[in-house]
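J.: For reference, the chains in residue letters:
There are 2 protein chains.
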Amino acid sequence: MNCLEERILKDGIVKEGNVLKVDSFLNHQMDITLFDEMGKEWKKRFEGKNITKILTIEASGIGIACVVAQHFGVPVVFAKKAKSINLEGEMYTAEVESFTHKNKNQVIVSKKFLQENDRVLLIDDFLANGCALLGLIQIVQAAGATVEGIAIAIEKGFQSGGRIIRNLGYQLESLAIVEEMNCQTGEIVFRKQ
Amino acid sequence: MNCLEERILKDGIVKEGNVLKVDSFLNHQMDITLFDEMGKEWKKRFEGKNITKILTIEASGIGIACVVAQHFGVPVVFAKKAKSINLEGEMYTAEVESFTHKNKNQVIVSKKFLQENDRVLLIDDFLANGCALLGLIQIVQAAGATVEGIAIAIEKGFQSGGRIIRNLGYQLESLAIVEEMNCQTGEIVFRKQ
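Protein chains in written order, with the numbering used here: chain R, 1 to 193; chain C, 1 to 193.
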């Protein structure tokens, strides 16, 4: 059992509607020491990959990506959810549906920050139906760059995102894959890795 | 001249309407090595302060806050801009107007993550009119916690936010204070520190 799985069992809370609350350490309050440990683990799992850039999506992915980036020695780009007057010029766009917020967002990345020779590691906090990841993959492909790997903190193994992404041939490394969770008992079962 | 001022002169772009674009290293693509240097500088400037938590606001503050937090050894909490179905329970709220996006947002912090004995360092990428900071200060005060200091990457010295915040008695440490900038010549003048 790795550091994230242990922490989920300790502090994660199972809510109705297949919601796993990890806001005390992952996506509202953030435990930076944990993020650093996660970075070490991903660095091992992606050994030999020549990553040149990390791409994530606002807001919960940013903190994890920035701490993890120190293990790879590369800059981080985050896809933005709304058009800003500061983000002019040409950009890559994708439409992303949020499981949590039940809405659709246009996400955008400035073309300046993804080059054809970039080998990109995608990072996000959750993988459920895979919409956010598929949007990021689409953006990397539009840039002619390569998705070198995908690092997810928590995958909901009972939703289809992980299967879809693996079937597309990507190296997807989820540190915790939740197979089942029970909001009555609070029990959480992880997939053996 | 510190690392951030040097970088702004090298890669910052002055646009019409008092916009300083720093999206190649600060708030879209993020230079993690620079953030680490900024953390070292703030750690010096806030020496002797017993910080227990860092509070920032999504999205651009998160990356800076998480890397800087490693120098203080504390968790980061970010104020969220919209109500999420995952963020139930009681929360502190404040209304914040964005200079960049010209809109108002309700920002929220779960009451679980700010305690009366917390000594909080506020971090954000920009300080212009001070609305975002005043919102964060309001939230810390509502929790009965203490604002121990405020760390800003870039302050627009020609707008009122910095003066307002310093007049309230807070230790505000902006790494770069832009006194003037000229979108015709591209010239940027920093306040001597």
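No lab work stands behind these hints: they were computed from the structure.
Think of the CB as a built atom: it goes at the ideal place given N, C-alpha and C, for glycine as much as any other residue.
Take these hints with a grain of salt, some might be off.
[Unchecked claim] Residues of chain R placed beyond 10 Å of chain C at every Cβ, according to the derived structure:
id, residue
1, Lys10
2, Met30
3, Asp31
4, Asp36
5, Lys40
6, Ile62
7, Gly63
8, Ala69
9, Gln70
10, Lys80
11, Lys81
12, Thr93
13, Lys112
14, Gln193
[To be verified] With a straight-line Cα cutoff of 20 Å, these simulated EDC-like cross-link-like pairs (lysine to aspartate or glutamate) come out:
id, chain 1, residue 1, chain 2, residue 2
15, R, Lys15, C, Asp36
16, C, Lys21, R, Asp36
17, R, Lys111, C, Asp11
18, R, Lys40, C, Glu58
19, R, Lys21, C, Glu90
20, C, Lys81, R, Asp36
21, C, Lys15, C, Glu179
22, C, Lys15, R, Asp11
23, C, Lys21, R, Glu90
24, R, Lys104, C, Glu58
25, R, Lys112, C, Asp36
26, C, Lys40, R, Asp36
27, C, Lys112, R, Asp11
[As the list claims (entries may be wrong)] Calculated Cβ distances over 10 Å to all of chain R for the following chain C residues:
id, residue
28, His28
29, Gln70
30, Val77
31, Lys81
32, Val109
33, Leu168
J.: Tell me, which hint numbers fail for this structure?
T.: As far as the earlier hints go, 2, 3, 4, 6, 7, 8, 9, 10, 11, 13, 15, 16, 18, 20, 22, 25, 28, 29, 30, 31 and 32 are violated by this structure, in ascending order.
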